[in-house]
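With the sequences and hints as input, model every part of the structure.
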Amino acid sequence: MSAKRTLSTQDLRFLLFTLAVILAIHSPNIPLWVTLTSIGFGIWRYLLDRFKWPMPKTWTLVAINLLIGLSLLITFRHQFGRDASLSLLIVMCSLKLLETKTLRDYILVIVIAYFLVGILFLFNQSITTFLLSIPPLALLTASLINISLKEPKQYQFLLSLSSKMLLQSVPVMLILFVLFPRIPGPLWGVPQDANSGMTGLGDSLQFGNISRLTKNSAIAFRVKFKEAVPDNRHLYWRGPVLWHQYKREWLMPSKQIGMQQEALEVKGLSIAYTITLEPHNRLWLLMLDMPTSLPKIGKLTHDYSAISNDPIRTRVRYDAVSNINYQLGTTLSERERIMSLQITEGENPRTLQLAKSWQTLSPTEKINQALSMFRNEPFIYTLSPPILGDNPLDDFLFNTRKGFCEHYATSFVYLMRLAGVPARIVTGYQGGEFNPNGGYLIVRQSDAHAWTEVWLENQGWVRIDPTAAVSPERIEQGISEALGDYDLLPIFARHDYPLLRKAFLNFDSINNGWNQWVLGYNDEKQFDFLSNLTGKNVTLQDMIIWMISAIVLVMIITSYFLFKKAHLMRNQSQKIYHQYLAKLSKIQLKPYPHEGALDFAIRSAIALPALRDEIMQIANHYNTLQYDTFEKSPDKKMLMLQALQNRVNAFKVEAPT
Amino acid sequence: MQTTIDAIIKAASSVILGKEQQIKLSLTCLLAGGHLLIEDLPGMGKTTLAHTLAQVLGLSFRRAQFTSDLLPADIIGVSVYDQTAASFQFHPGPIFTQVLLADEINRATPKTQSALLEAMEEYQVTIDGHAHPLPKPFFVIATQNPKHHIGTFPLPESQLDRFLMRIQIGYPDEKSERALLQDKGGRLSVNLLKSISDAETLIKLQQQAQSIHVSEALLDYLQALIQYTRTHFSSGLSPRAGLGLRQAAQAWAMCEGRDFVIPEDVQAVLPSIITHRLLGDNVAHQVLTQVSISKQT
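Chains as they are written, first to last, in this note's numbering: chain L, 1 to 657; chain Z, 1 to 297.
Calculated from the structure, these hints are not laboratory results. Keep in mind that the hints are not guaranteed to be accurate.
[Unchecked claim] Label pairs and their in silico Cβ distance ranges:
# : chain 1 : residue 1 : chain 2 : residue 2 : range
1 : Z       : K184      : L       : N571      : 42 to 52 Å
2 : L       : M173      : Z       : L160      : 47 to 57 Å
3 : L       : K575      : Z       : L279      : 34 to 44 Å
[Claimed, not checked] Stretches of chain Z that chain L covers, calculated by requiring three or more beta carbons in the stretch to come under 8 Å of a beta carbon on chain L:
# : stretch
4 : 38 to 50
5 : 62 to 74
Beta carbons are placed, not taken as given, at the ideal position from N, Cα and C, and that holds for glycine.
In structure tokens:
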């Protein structure tokens, strides 16, 4: 590029359009006012160019800058993490437009915009994000091509060239993806607030917790069974077990240390499966009741919920084995008995009265009494229960009688404890949706559930799901069949849009493949994949060597085609001539690109009068070889080449002393 | 053949003193079969150069002084009714010669200019439906005065393209000036020149020039040059100009005694071929220094 181009209107409009696309993609990640301000700056810049207004003064920009800084401070307060940084970057990038006059500014904006596209992946790494990131990349590359050309070109030309360039980069990208050694764990850390949006089961249960979760159609995890998928009523995905009641809240025991692992006996066939768990920023690893083998990344608590060593901040994949026929904890220690009978005293007098009336019954009869109450009284299973008063359980059991699984589970456990039967709440997920396209089960946040376990002599902890008493369909067929107030459910969990559901299932199987193979391509998978491919045990060293060789190979192939296309391959005589030029370059004698061999020889002969004859001979030989025809005497060419080689070999220049 | 060319140059140099380069370029132009435009101030030897070339090459020579009242018929000829023969007789104009010197071509009206330029392109003139072929070989050597444009009709670029080369003669150097002042050389000695060649030899030489080998590598260079003019100037070299460039380079290589063209041949003829075709200052220097000979870096 010899002459530098000035920024034209067309260049500017192209850049503005590109930035608008990026802003649109990022808009869900930033506050509305940031989007609007950025659009405003873009329009301002457009008008400046359109009506040839003068650029804003520096002090104006400084004032705007301060104002924006202040607004960001108010919006995000002290939480200066990913979201705040992104907002700052976007608004500053659009503010930069107001002082974009030269090519340098233009390039700076483009580079920042490339970075903004990269930031998309800090929010979400789904295939959608990947696909969304391609158009802005093509546009940005086209902008860069645009300014490196001498004259503005048609958009179609720029876009097709940039798409071509992006496509050409795919082989290198694939090589790097497959072969670049992965390190265990994430490659970089993201500020804390990056995880704030994750949803999942909490470590406590309050009225409203799970029903809120149920309105979220986000996927909690996906399960691939080695064999057939068990019946829906067996699909209890065990999460945290809650023992401690404090007013309306149910909590995990605060002191788990020293608790004896409950004894587990299993019967029948065990079920092996693989779970791909979406990040939820907590420790739970969901497992099918009851887990018999554990993934490497976690451990089992005394009450058999599996927890990971670190919070789940990236998608994890683990193999597990469970058994649906089991007997858990046949002996109950004193400490456990106290914990599983604990209640806050002085509340819910009517419930207490009811429990007292059962005093003479056996534990099994007490359970049946409670369940038949749920079954026979007009209890309604609903996602939108009314607000409960001061004695919430009294209010629920005798007054409103409308509730969700959390209401039934808590009131059941409360009743059992009042009646002297040890009981606890188990939270987790129930059911799931089978995707026939990928042959796996999708479990969503909307499948979140709470059930109970009561301890019976000789039987240990027995699972009782009071929700099943109220609404058997919930357990048999899933939540979408169980609810009367259907519309509250997320659209994907409903059954009344079969086409939409089908489309969703197709999309999800693609997404699952993406998760498994692209995002889940970690160190372990990489070693497995490469070892399977090559049939030997791959080491890190192998990978690095292969990667470098593959890239070098791609470069060689590419440059071969480029050279060939540009006739840049040196022929035999040019090669010899360049040896000669190399000798002359020792005394700083070099031909200009536009200088012919003869002209250069005349110039060199003036510098080296003693070698005049030799120099002229070499130039004549070279010119003859290069420009004469040897069609009639091909042998002569070989002789001449040899002669040139000999002359060049004999040619010696002494560096001036 | 080489000796013939050398002898021609030598003989012409004895008349046009110290202008060997211009003589060689003019000869190259004629050997490439192109018409020549000489642009210089009056009294610089334009006419002498044209006359000398015709003389040494043994060609017939006519001169037409172009003025604003010159009509096409004054150049081409006219049919006159002959009463004794009772028919129209064609009286050929000065164009029916082997070398026509069109002096001060830009003084004539466009109508006359275009009549001449048409003949230059087609090597024949058509009068009253009869085509009259021009003698072979046929060259136009036109001159024009770069200054004093009042009352002139400058040739448009499209017409200029008909001339293969445009050369300038320039002032003689000190030594030649002295010799001129001593009456050595100059116009008076033109008539004393012996013809060294004749029309047939010239045609043979022209054919030989076209058989000078042009390699692929050189064609790459030629195309790079042509392409450069098309991307860096408002209007680049036409295909005719490109072809002319090749032919001139071949003729130059022959004058140099080589049977193949090297880039230096192209560079030698390039300035006189492109300067009247491309607009701008110092175009030849720009083109020659910006285009590399081989594509390697």
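Cross-check of the supplied hints:
1. Taking the beta carbon of each, K184/Z and N571/L are about 51 Å apart, inside 42 to 52 Å as hinted.
2. Checked against the hint of 47 to 57 Å, the C-beta distance between M173/L and L160/Z comes to roughly 55 Å, which is consistent with it.
3. Checked against the hint of 34 to 44 Å, the pair K575/L and L279/Z passes, with Cβ atoms roughly 41 Å apart.
4. Judged by the Cβ-Cβ criterion of 8 Å, the stretch 38 to 50 of chain Z is not covered by chain L as claimed, because only 0 of its residues qualify and three are needed.
5. With 0 residues having a beta carbon nearer than 8 Å to a beta carbon of chain L, the stretch 62 to 74 of chain Z misses the requirement of three or more and the stated coverage is violated.
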